Amino acid sequence: MLITCPYCGPRDVIEFTYQGDGNRQRPQPSSQDLDAWNAYVYDRLNPAGDHNEIWQHSGGCRAHLRVVRNTLTHEISSSGFARGDHKAAARHKSEAKS
Amino acid sequence: MAEYSAFSLLKNAFTGNKDWKPAWRKPDPKASYDVIVIGGGGHGLSTAYYLAKEHGITNVAVLEKGWLGSGNVGRNTTAVRSNYLLPSNTRFYEHSMKMWENLSHDLNYNVMFSQRGCLNLAHTPAQFDDYARRGNAMRHLGVDAELMTVAEIKRLVPALDVSGSARFPILGGLMQPRAGSARHDAVAWGYARGADRRGVDIIENCEVTGFLRDGDRITGVSTTRGEIRAKKVALAVAGSTGRVMQLAGIDKMPIESHVLQAFVTESLKPIIDTILTFGMGHFYISQSDKGGLVYGGDLDGYNSYAQRGSLPIVDEVMSEMLALFPGLARVRMLRSWGGVCDMTMDGSPIITTGPLPGMYLNCGWCYGGFKATPASGWCFAWTIAKDEPHDFNAPFTLDRFYRGLVIDDKGQGATPRLH
Amino acid sequence: MSPRRTETGGRIDRLRTIRFTFDGTPYTGYAGDTLASALLANGVTLFGRSFKYHRPRGVLTAGVEEPNALVTVLRGEVREPNIAATMVEIYDGLVAVSQNRFPSLAWDVNAINQLGGKILSAGFYYKTFMGPVIGPLKGTRFWMFCEHFIRRAAGLGRAGTAADPERYERMNAFCDVLVVGSGPAGLMAARAAADQGQRVILCELEPHFGGSANWSGETIDGTPVADWAARAVGQLEGHDNVRLLPRTTVWGYYDGNTLAALERVTDHKEAPAKGEPRHRYWAIRAKSVVLATGSFERPLVFPGNDRPCVMLAHAAERYANEFGVLPGDRIALFTNNDSAYRSALALKSAGAAIVAIIDVRQDLSSEMRKLATDAEAEILSGHAVVSTEGGKALSGLKVQRFDMVSGALTGDARSIHADCLLMSGGWSPTIHLASQAGARAEWDAARQAFLPPKPTQKWVGAGAFIGSFSTAEAIAEGRAAGLSAAGATGAPTALPVVDAAPGDPDPAPVFEIKAKGKSFVDFQHDVTAEDVRLAHREGFVSVEHLKRYTTLGMATDQGKSSNVPGLAIMAEALGKPIPEVGTTRFRPPYSAVSIGSLAAERFGDLKPERLTPMHDWHIANGATMYSAGLWYRPMIYGLAGETIEQAYVREAKATRDSAGIVDVSTLGKIAVQGPDAAELLDRVYTNMFSTLAVGKARYGLMLREDGLAFDDGTTWRLGEQNFLMTTTTANASKVMQHLEYFLDVIWPELKVTVTSVTDEWAGAAIGGPKARAILAACVKGTAVDNVTLPFMGIVHGKIADVPVMICRLSFSGEMAFEVYSGAGYGTHVWEALIEAGKPFGLVTYGLEALGTMRIEKGHVTGAEIDGRTTARDLHLDWMLSKKKPFIGSAMMDREGLIAPDRLQLVGLVSLDNRPLNGGAHIVEELDEANPHGSIGHITACCYSPALGKHIALALVSGGKARHGTRAFVSDPLRNRFGPIEIVSNHFYDPDGSRMHG
Amino acid sequence: MVERQSPLEPEYYPGSHGNFEHGVDVILSETRPGSILQLAAWPGEEKRLMSAIYKATGLALPDGAGGGVTDGARSAFGFAPGKFTVVDEAEGLAAAFSGVVTPAIGTVTDLSHGRTAMRIAGPKAEWVLAKFFAIDFALPAFPIGAGRSTTHHDVFAQIQRTGADQFDIYVFRSFARSFWKALCHASEEVGYEVQ
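Residue numbers (my numbering), protein chains in the order written: chain F, 10 to 107; chain R, 1178 to 1596; chain G, 34 to 1030; chain D, 783 to 977.
No lab work stands behind these hints: they were computed from the structure.
Warning: the hint list may mix true and false statements.
[To be verified] To give a feel for the contact side, a few chain R residues facing chain F, derived at Cβ under 10 angstroms: (1) Met1276; (2) Glu1278; (3) Ala1425; (4) Gly1426; (5) Ser1434; (6) Ala1483; (7) Trp1514.
A quick note: this is a predicted structure, and the numbers were derived from the prediction, not measured.
Just so you know, even glycine gets a beta-carbon here, dropped at the ideal spot from N, CA and C.
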């Protein structure tokens, strides 16, 4: 399997570490909503088909990628930097200041 | 149906083997059953068998989407052991082990369970202590375990490199003598034949496409062979749990589906007479009765339902194999295959009522489901029949994760690919 | 001269005689021979024994699909079992032996199994050997008794235990177009792609490029096709952008167009050159692939079809045309298709007599009749072979009239005298790689074969692989495939003109002749047509059940030639068309792959060694090294005659009495830099770091998201925005990934860089009452007194002209300092410290003494932070800040994590004054005969020189409440039982007065 | 001045080795640069960091992922988003960046001791490196000056192409000896010289 790192280009899967379901939402750090924390820590989408997942290019530039990959064919339809997810970034930022 | 024995073999040989009957019938589904078991693998079939045998519930259908035993029961490396660290696991798997010891007779089907032992190699003092902890934990629950010295290990497996110059020298090992291996397909076929003889309908090529509901309650399933109603619907579809639960409207579970590869070499004269695991990586090996070395290693490490493996794991497994057995470099890998494992967040299974009314769930076997086949079916049948778990499976609930009651034998936390 | 060698012909080098032995008998052959061709040339007919019945077997094929002629190749002590004689190139000194026979190939006692044929039918194991249900043989005993003998009888070759002295290597390759197979289709494809300027790799599993061109006897543009192929190869060799790989089997088609190939670099040589690998494992990432893998000829299933000298038709043609060997003098052919006629003609031309062509078809084309006439062969159309005769060689066969539609045999059997019977049951395209790539094969009723599916990855097919069996088609399709793979559309061009024997590619749909006697489907595993029908009777009707129940297709040849006949017989029994029985999905490898090649450069070098800067000093100064993950660390610096315990007790005692020094370079070190560095640390540690002053260090604890303890270590504030985090040795990379994940995915707004600087710094921890005096004696540029360097303070200075950073912190419980210097100066500083310490009695100490002192202090390590313990379990709850959230804070108070009966850290003292063992359990009541009731276990233990006792740390249920109580250690594995007292884990200097000074 | 110890020393054997009778196809050496720095820019500050590198070293980095440049004495290349390795034969390069790379731009991390630099040069350099790393070493895919981050199992490596058939490899110091031995072993086939 080859994963295209936006920085390094297509690289063999051996250079990557899988970090799982990319749909998980980490609650606000100060949240006391245990159900939300439980869901974040333990529950995973596990679709048979396209899956939005996080990979780290740990054997390369070490960036985290957001990859859409089909779990039936292993075909990858998109990949990009995980930190490009600006919405999430903005949300955490606002909390960090509050 | 005829009993299997040496005598029946001889008798049939004289009649040209013309009188053997199908090992199980091929019935069409009825409109309704008391219990539907989804999944014609080892666990589903054993569940049906024990529902009939232990609880007298025979109006049961087992629905299999493909051919019987096409999932992990026919894709594993056949190890049977109960050498766990944590008591909840050890008790359950030891119950399974005791059932294995009598399984061929119980089923009148030789599942070829051979108790050749399972040896975990230790390579550092810390690891040796870990194994001692585990072995002592087993002994305090009445399970067999022994520490082995390097000299004893060398006598048992002469092909092993026990030299001090190895990159990770062997310091000793933990042996469970009663552990062993079995003929995986025979387990599925034996349970199928046994369940069939007790009246269970085994329906192949019958894929569940949805659940019938009355409000929240599950009242049956729609399938590629029509709708089938049931008082109770039990899932034993490890590897496909995510897919089937999604049909019931539950799309998040504490489970990821991962591929685990397995390998076999060409047939060789006997060279390894036990099951062996490497302590400084992830590698296990045994030799089948046919002579092939059967071995495997770590998960491929990403979600997949594809039953196809990736190359880096192939290389890793072979590298670790030769670190233990440098004499096997010229032996050849003949076949590889992949199975899809339900990896839970603590590495332990789920056998429970619910999570929906009318539903019963058996899943999350990670890559250790084969050895659990008898006890899993036995406990699940109990849970279905009595609507409550047996003591053996009481810890294996779905809510244990959320309550902080995980059964984490490896101590890896909520990282399923590391269990 | 060899009895079966022709006068001329073939591409063997008749000027180079090669000497080799088979089963100890010396033979000669020619350079270019395979072991199979050379033995055939010498008149050998018996090559091996079958797996189950030990029937005598000859050679069936001329290639990789060989099921019968398996040998073991010996190189000194090193054995290579189960190699097809058809794939072994002979070299001077080759030693090959047959296998699975006793005492000899000709006289094999296990051939007695043939008598039990009907009893040993498919699946017989499942029905017997279960033994009695009561008595001493109940349970698994009886089976295991039987199994002992079954295992000894089973198995093919014997593997060696001597380590293979040769090397294996990996090669990572990238190309635009990978062409698999170098027959006319593959050659055309490679050339077309190469002409487009593409980077091309061409793999051929045989020693010579050309595929069927090497033996088909056709002509192209008037020249023999073999010459045409040689010229094409020569042209490819001239291209810089083409890599030609002979003896290279592409065996795996993985995701992302990654293909795995095995190049047999030196197997055909007497000895490798210096540094030359035996096998090279190519991992090829190809932008696109041309599959031109050809096809396999299928056997026909009829009684006696496994007798030595019964062979595939094209194989005999290959032996004649490629190796100058005739497999018989009087040859009969049995076929259901036209291709055998060309074979007949080729063998006739090579000098054999063709006694008959038996064809199941009644109506034959005039072209075929003409070919038969040219071969001077009698045609028996509408006939079938019903038996063969002979023992270790063929003496004759019987034929009967055969009705293709009903399968009925009629009329009297007629005997034909022949010493070789060739069969052709049609052709199966070699679709394995396409199937591996992810799609299901499709049945083609005309070709009676599975054709490759529509591509699911980037490949194109050509030639026999897609069912185009003629050379003309192969050439046209090969060129088109090469262009298409290159993403080009070539201008129309005149293609070479092929002169080939005529023939219809479609065989008659006949796979089996049902007559009395054993008809083999899978030769190696002795699966007969009756076994397939038995599987049907017992309900094992899907293709996978058929395989698993009968073992059809599970032998070393993986059913390359037997799968389709097996399916056809099952389909007939079911009364269904073949595709409804199912199609097997092929999985890697295409053919068996040496495990050495897969380990490649890691054979003998599984993991790199990780060394600290002072490693060589430790070795030179008597350290016994200990492997810790990939690192090597000193365990003890033993003196002559000392035991391990004596050494660590001496080292620990000396440290507590005067001073000791230990290499701590392996500790994980992470530079945490940037404006938000302190903020990050506050979030990942349970305690506060933003309040830490510059020039100070603090001990920190991290939890996992689920609220359990993760790692601990000190972090030093070197500047306002500059921290040096230390982690445990074992968790260094995990912590790094943890930080990177949060910075990259969860908190991208934080401006922090994290960098592994583990290797930048050499670390030496020096502790003990004299430690400060030693530093004072060698450190320049800073004072090290209590004011300048208080507990957890940091100073910068120089030792022996080298800049150092010193932090006063303690793991041993003594007044102690960690001295960090650039790694390249590590040994220099270490030696300076040793020198400075000499007057003070400084000792070097290893991990054992380190462990002893930390047990005495009750500090935790990975044995206690084992992934299942909480901060509270380890009495580290004082570190859980209530002022801020941190990773794990929301989850750490769940019911299961605060239960009172959880395992908690305690200290243990042995009351019988005997040593304790790591991994021993703790019980309230001792029962040596029947151990039970474990309440916990020992995580670490030692003899404490400071206390003069055997002590341990342990995790015990509700442990804190048990302080001061008695219990027992219960260690049945080592038969160690005895009384202990449960105490606090802080054995030594609990108020810390020694380290605070 | 105290000389830095090389981690390769006990395994560093100058001279010709392996199959050198048929020619020496690669030359291996340890380059022992005085300074190896890692520079990281905050998102959006990459250009300013690149000009800071220019200011401090005179090396003008090209745009684009993995872009790099070398003048023989000094080299720089990108190895990750916003991150660069800068190498100098001389010690003390970190000082040149203090005040140039401000906290508003990014960070400077000194790895002069922590990374070991090896050079492989010769017609078979690509061939030998391809035995270890799953990246494309062909010149069009890996131009002169460019840098790559990759790994051989546990050994993380940054590689810069410093010539048509020359590569500089930076590995963690603790792994350097192991990797060097493996590199020599893999070079035996083609004949190698250690300089």
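Here is how each hint holds up against the structure:
1. Met1276: This interface hint is violated because 30 angstroms lies over the 10 angstroms limit.
2. Glu1278: With a closest approach of 36 angstroms, the Glu1278/R hint is violated.
3. Ala1425: 14 angstroms, violated
4. Gly1426: It is violated, given that the least Cβ distance between Gly1426/R and chain F is near 14 angstroms, above 10 angstroms.
5. Ser1434: 6 angstroms, holds
6. Ala1483: 6 angstroms, holds
7. Trp1514: 16 angstroms, violated
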